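Protein chains: 2
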Amino acid sequence: MGVGVRIAELSRRSGVSIPTIKFYLREGLLPPGAAMAANQADYTETHVRRLGLIRALIDVGRLSVAKAREVLAAVSADDISPIDLLGTAQHAVIRAIPADPDDPATRAARGEVTALLDGLGWQVDPGSPALDQAAEAIRVFRALGQDDLLSLLGTYAEAAALVAGREVAAVVARQDPDRMVEGVVIGTVLGEALLDALRLLAQQDASNRLLRPPS
Amino acid sequence: MGVGVRIAELSRRSGVSIPTIKFYLREGLLPPGAAMAANQADYTETHVRRLGLIRALIDVGRLSVAKAREVLAAVSADDISPIDLLGTAQHAVIRAIPADPDDPATRAARGEVTALLDGLGWQVDPGSPALDQAAEAIRVFRALGQDDLLSLLGTYAEAAALVAGREVAAVVARQDPDRMVEGVVIGTVLGEALLDALRLLAQQDASNRLLRPPS
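Here the protein sequences line up with chains A and B, keeping their order. Heads up: the first sequence runs through residues 76 to 290, numbered per the working numbering. Heads up: the second sequence runs through residues 76 to 290, numbered per the working numbering.
Extracted from the complex, chain A is given alone in its bound form:
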């Protein structure tokens, strides 16, 4: 694809159907191709790579089209700092949770998260929606009478720190700013899918060891 190709060829190379490509173009996820003639445009290798990223965000990352657009805009911005980009990538994967901030149980759970992170000495953005997601999970564990499972809170934090420290170090090691941007976005989204899947598989292993009668 040294020179541009038509949409049919873009579809063939990317594995994304023509109607879906047209949808991404309309929604502003995919930049337009170079206009050639009426109703014709040429696409390049950049479009193939962008389509791969869009599918990763939407299929594996379960991002909405709106969230994917937000992340892709941040990836394309020239002047975004790595910290701000991380915020955008995190915002995209966060679960939208309709918690009532004035509810006493919500406030208590939020206090519990703050105490945990203070104890660990973590430096986090106090306005991060990840704090809301953690607090809401804790509130609901308690509301459903599952307090004993929260004895694992420190273990969850330990596992999270283990993964996150290595993730950030791997992205920073790239040095090239464009590659760091890619790494933040892709690592945040795909890393979550990978960690979640491995946790389920590790649960199977632990269950099989603890619960299956030895054969």
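Check before you lean on any hint, since a few could be wrong.
Intra- or inter-copy, both count: the list cannot distinguish identical chains.
What the hints assert, rightly or not - Taking lysine to any residue pairs in the SDA-like style, the calculated list, with each CA pair at most 25 angstroms apart, reads: (1) Lys97 x Ala171; (2) Lys97 x Arg137; (3) Lys97 x Ala174; (4) Lys97 x Asp175; (5) Lys97 x Ser151; (6) Lys97 x Arg144; (7) Lys97 x Ala113; (8) Lys97 x Ala218; (9) Lys97 x Leu219; (10) Lys97 x Ile172.
Honestly, the hints are just simulated from the structure, not real lab data. Given the structure is predicted, the values throughout are model-derived calculations rather than measurements.
Once you have looked at the hints, place chain B on chain A.
Below, chain B alone, put in the same frame as chain A:
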């Protein structure tokens, strides 16, 4: 709520609106109340607790109504084994990923997951959709040219095993079968939301340490 109450009172106590309660009744997520007169039914404490669980699955766990119904049916089944219940709970949180099993890159990624788990000696269900989710994440990391981030594969597995071992042990420690069932379902769904949120917060901490200029 020693005796049953009307739907308005059920709404007040659960914090779930009457139209939403009626929707859950129609969709079979909430069992019907005891019929009292034409168009009237009585609800009990069991309904309040069930509504809390439904909201946890849908709001925090991001489950679809269909997946929540599947999980709730398993919770209500008398004769389900803990291993089968774990399978149902895991199936509910898995990301539906339209991977082509005959694609060489998909097969290679699947082989990579199998080699990883064999190396760790994990006993997992070879038909588990969690294997597909892990393989698809790996395939897309590679397809997007992010191979270096897969040097963390072992770290992801280590963190997953740390969490899952404690999760399963905590649920098994309950001994009461009904409480174990609750723990599997709630722990699988809420634990994922909690771990994911803490990973994002740990990323912020690591980024702040590595990237922010010291003040």
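Results of checking the hints against the structure:
no., hint, in the structure
1, Lys97 x Ala171, "between (28 angstroms within a copy, 23 angstroms between copies)"
2, Lys97 x Arg137, "within (20 angstroms within a copy, 29 angstroms between copies)"
3, Lys97 x Ala174, "between (37 angstroms within a copy, 22 angstroms between copies)"
4, Lys97 x Asp175, "between (39 angstroms within a copy, 23 angstroms between copies)"
5, Lys97 x Ser151, "within (20 angstroms within a copy, 45 angstroms between copies)"
6, Lys97 x Arg144, "within (15 angstroms within a copy, 35 angstroms between copies)"
7, Lys97 x Ala113, "within (16 angstroms within a copy, 53 angstroms between copies)"
8, Lys97 x Ala218, "between (46 angstroms within a copy, 22 angstroms between copies)"
9, Lys97 x Leu219, "between (45 angstroms within a copy, 22 angstroms between copies)"
10, Lys97 x Ile172, "between (32 angstroms within a copy, 22 angstroms between copies)"
The earlier numbered hints are all upheld by this structure, with none contradicted.
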